[in-house]
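Read left to right, the sequence shown gives residues 0 to 662 (numbering that gives the first Met the number 0).
It is worth saying that the hints were derived from the structure and are not from the lab. These numbers were taken from a predicted model, which means no experiment stands behind them. Each hint should be verified, as a subset may be incorrect.
[Stated by the list, open to error] With a cut-off of at most 30 Å between alpha-carbon atoms, the simulated BS3-like pairs for lysine-lysine come out as follows: (1) K44 / K132; (2) K459 / K19; (3) K132 / K424; (4) K304 / K270; (5) K304 / K240; (6) K132 / K418; (7) K132 / K56; (8) K111 / K97; (9) K108 / K418; (10) K97 / K141; (11) K424 / K111; (12) K463 / K475; (13) K239 / K304; (14) K56 / K108; (15) K304 / K97; (16) K348 / K239; (17) K119 / K141; (18) K111 / K141; (19) K141 / K418; (20) K44 / K141; (21) K304 / K274; (22) K111 / K418.
[To be verified] Computed Cβ-Cβ distance ranges for the label pairs, DEER-style: (23) G471 / V434: 54 to 64 Å; (24) D116 / V410: 17 to 27 Å; (25) W15 / V610: 48 to 58 Å; (26) V646 / E622: 25 to 35 Å.
Just so it is clear, CB atoms sit at the ideal spot from N, CA and C, and this is done for glycine as well.
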Amino acid sequence: METKSYLEEIDIQQYWLVLKRRWLIAATVFCASVGLSGLVVLRQKPQYEASGMLLFKSDRTSSLTKVGEKIGDLESLMREGNPLQTQAVIVNSQPILKQVINTLELQDKDGKALDVDLLKIAVEPVVGTDVIKVTHQSNNPKMAALVVNQVMDTYINNNIQSNRTQVFAAGDFIRNRLPSARRELEIATEALRRFKIQNNIVQLPQQATAAITNISNLNEQIDLNQATLADTIAQETVVKKQLNLAGEEAVNITSLNQIPGVQEVLGEQQKVQAKLATLKARYTNEHPAIADLENQELALNSLLKQRVGQASGSIRNISSTSLQIGKIKEELASQYVQLLAQRQGLEQKVRTLSNIRETYQRKLSLLPNLDKQQGDLERTLTIVQTDYQNLVARLQEIEVAEKQTIGNARVVQPALVPKTASLSKITLLLLGGGVFVGLLVGVASAFFVDLIDRSLKTVKETEKFFGYTMLGLIPKFEPNNTHSSFHQMMGTSVSPRVIVASSPRTVIHEAYQMLQANLKFISHKKVCTIVVTSSVAGEGKSEVTANLAAIIAQSGRRVLVVDADMRQPSQHHLWGLINSSGLSNIIVGQDEFSLAVKTVTNHLSILTAGVQPPNPSALIDSEGMISVIEKFSESYDYIVFDTPPLVGTADAAVLGKWWMVFC
Numbered sequence: 000m001e002t003k004s005y006l007e008e009i010d011i012q013q014y015w016l017v018l019k020r021r022w023l024i025a026a027t028v029f030c031a032s033v034g035l036s037g038l039v040v041l042r043q044k045p046q047y048e049a050s051g052m053l054l055f056k057s058d059r060t061s062s063l064t065k066v067g068e069k070i071g072d073l074e075s076l077m078r079e080g081n082p083l084q085t086q087a088v089i090v091n092s093q094p095i096l097k098q099v100i101n102t103l104e105l106q107d108k109d110g111k112a113l114d115v116d117l118l119k120i121a122v123e124p125v126v127g128t129d130v131i132k133v134t135h136q137s138n139n140p141k142m143a144a145l146v147v148n149q150v151m152d153t154y155i156n157n158n159i160q161s162n163r164t165q166v167f168a169a170g171d172f173i174r175n176r177l178p179s180a181r182r183e184l185e186i187a188t189e190a191l192r193r194f195k196i197q198n199n200i201v202q203l204p205q206q207a208t209a210a211i212t213n214i215s216n217l218n219e220q221i222d223l224n225q226a227t228l229a230d231t232i233a234q235e236t237v238v239k240k241q242l243n244l245a246g247e248e249a250v251n252i253t254s255l256n257q258i259p260g261v262q263e264v265l266g267e268q269q270k271v272q273a274k275l276a277t278l279k280a281r282y283t284n285e286h287p288a289i290a291d292l293e294n295q296e297l298a299l300n301s302l303l304k305q306r307v308g309q310a311s312g313s314i315r316n317i318s319s320t321s322l323q324i325g326k327i328k329e330e331l332a333s334q335y336v337q338l339l340a341q342r343q344g345l346e347q348k349v350r351t352l353s354n355i356r357e358t359y360q361r362k363l364s365l366l367p368n369l370d371k372q373q374g375d376l377e378r379t380l381t382i383v384q385t386d387y388q389n390l391v392a393r394l395q396e397i398e399v400a401e402k403q404t405i406g407n408a409r410v411v412q413p414a415l416v417p418k419t420a421s422l423s424k425i426t427l428l429l430l431g432g433g434v435f436v437g438l439l440v441g442v443a444s445a446f447f448v449d450l451i452d453r454s455l456k457t458v459k460e461t462e463k464f465f466g467y468t469m470l471g472l473i474p475k476f477e478p479n480n481t482h483s484s485f486h487q488m489m490g491t492s493v494s495p496r497v498i499v500a501s502s503p504r505t506v507i508h509e510a511y512q513m514l515q516a517n518l519k520f521i522s523h524k525k526v527c528t529i530v531v532t533s534s535v536a537g538e539g540k541s542e543v544t545a546n547l548a549a550i551i552a553q554s555g556r557r558v559l560v561v562d563a564d565m566r567q568p569s570q571h572h573l574w575g576l577i578n579s580s581g582l583s584n585i586i587v588g589q590d591e592f593s594l595a596v597k598t599v600t601n602h603l604s605i606l607t608a609g610v611q612p613p614n615p616s617a618l619i620d621s622e623g624m625i626s627v628i629e630k631f632s633e634s635y636d637y638i639v640f641d642t643p644p645l646v647g648t649a650d651a652a653v654l655g656k657w658w659m660v661f662c
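Using the sequences and the hints, build the whole thing.
Structural data, given as structure tokens:
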């Protein structure tokens, strides 16, 4: 990841360097593009923009029929979207624009009616409001305002006409619907009335509540009477056992004893029986008195049966003895009769209450169905009644709306004649496009020119091309006139291009020191002979030679600078020397070495090129040159050769093969 990031950073820096090198081309193309787009903009006719505003309100027309109310209601749609977008489309629709063209008699260049597609109207809602902004651009400011106002007026007129059409249609619909709605209301009312009459319903919920209450009360009464009946039956059983009479017989005896005629006969009979018993104690049965009493007894007995028969409705075989009961039994018989009557009454009452309860229960079981039927009828009546009332109310509203001419929009700001031209979208597009295209084409041109330029422009390209490691990087510089102590030692004739003399302790000075240090590490053997050359002339090889030698001499090493460029020598110019005798003279044996070498400082000496020979390459590749180099190596620690460029000469290549031999 670190290597990848490093490479990306290097690439970005490389692109930036390309732009820095070719900035003039990129700037020229950019200015040309911007100028061209500006020229096109200036040639355009000025455009004037006029705008007006329409305020919208809710459309209540469709709500008059209560059919599709939410569809025509603009306010109801605010939760689902922006209805102003729909109205904006309508304002900018072809029918509206066609009417505007016909009304204003707009024509094209050929004098024909303007095509609808050529009439450009911008319609857009104002955010957060119920307002739509209508805009038009034209070369004529008055026409721009006239078109906008006509568009708004045409839309409002069409909207009013549309609303009135909807109102009339709604009125016809409601008038046709009212008779059938009235009939439905009458049918629903009559059906509910008949249902209540047939089922004896006044208030069904109250009747249901009353039935439940009555059933509860009847249950309580039945339970109470049944308890009383059980007690009465128990008392009747006890009295019956004490009386020792059948139930019917006891009733009859009790009833007869309460009849005055029967009681009178029984009294007379008892008296006769008492007298008869007394006489029988005195006389025999044949005694006339006894016979007379017996006859009286028989007559009374016959009379008793007659009266009993009359009282009971039939002649019953009830003995007089049975009728002659005691007071206690008579009371028991009377009590028994009462209990019997009470029991029968209670039984009848329980049966009656049970029948009544069953009647209420049957009626209560029918109430749910009746309630459902009544509810259905009432709901039907309510729906029909509500529909009828709504129709009547809507008809009243429609009759009012038919007399009105109000639309859903009104002009809140008419279009005014613009006084100044405006920047159209085409103008802005041209300017922006010119800037964008200028930047794009300018950058592309810079990279294209840099791509076709085959010269080496960076250190990385140089190392990759030659396959050698960079030893130093010497930037361009301009010397100053400052004179150091070292400069005074060398003399005032030394060129300011010698950095040691003019600009010590600077970045350039440090660059040469770095070059000196790197030369020590290029081989495992000691480097003592250095050949300095260049690709072509004018690249500064002579300055590098002089400065490198001066830097090495500063470290206390003996250094000899040899100007081996016999074609265009320059070291004598840099050091302020006379090139009357030099390397060429020594090789051919014309001068002595000690006389040709010029001492600049205690550690730095200069050997100029000397007289220019007819064939410099032959002298460089001669045995005399080899002898000279051997002699130089004995007296100096470093020998720095300033050689001709590599292009066109082989001097540097010939000298380069000797530096390893003599170190």
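Non-conforming hints, listed in increasing numerical order:
Failing hints, ascending: 14, 15, 23.
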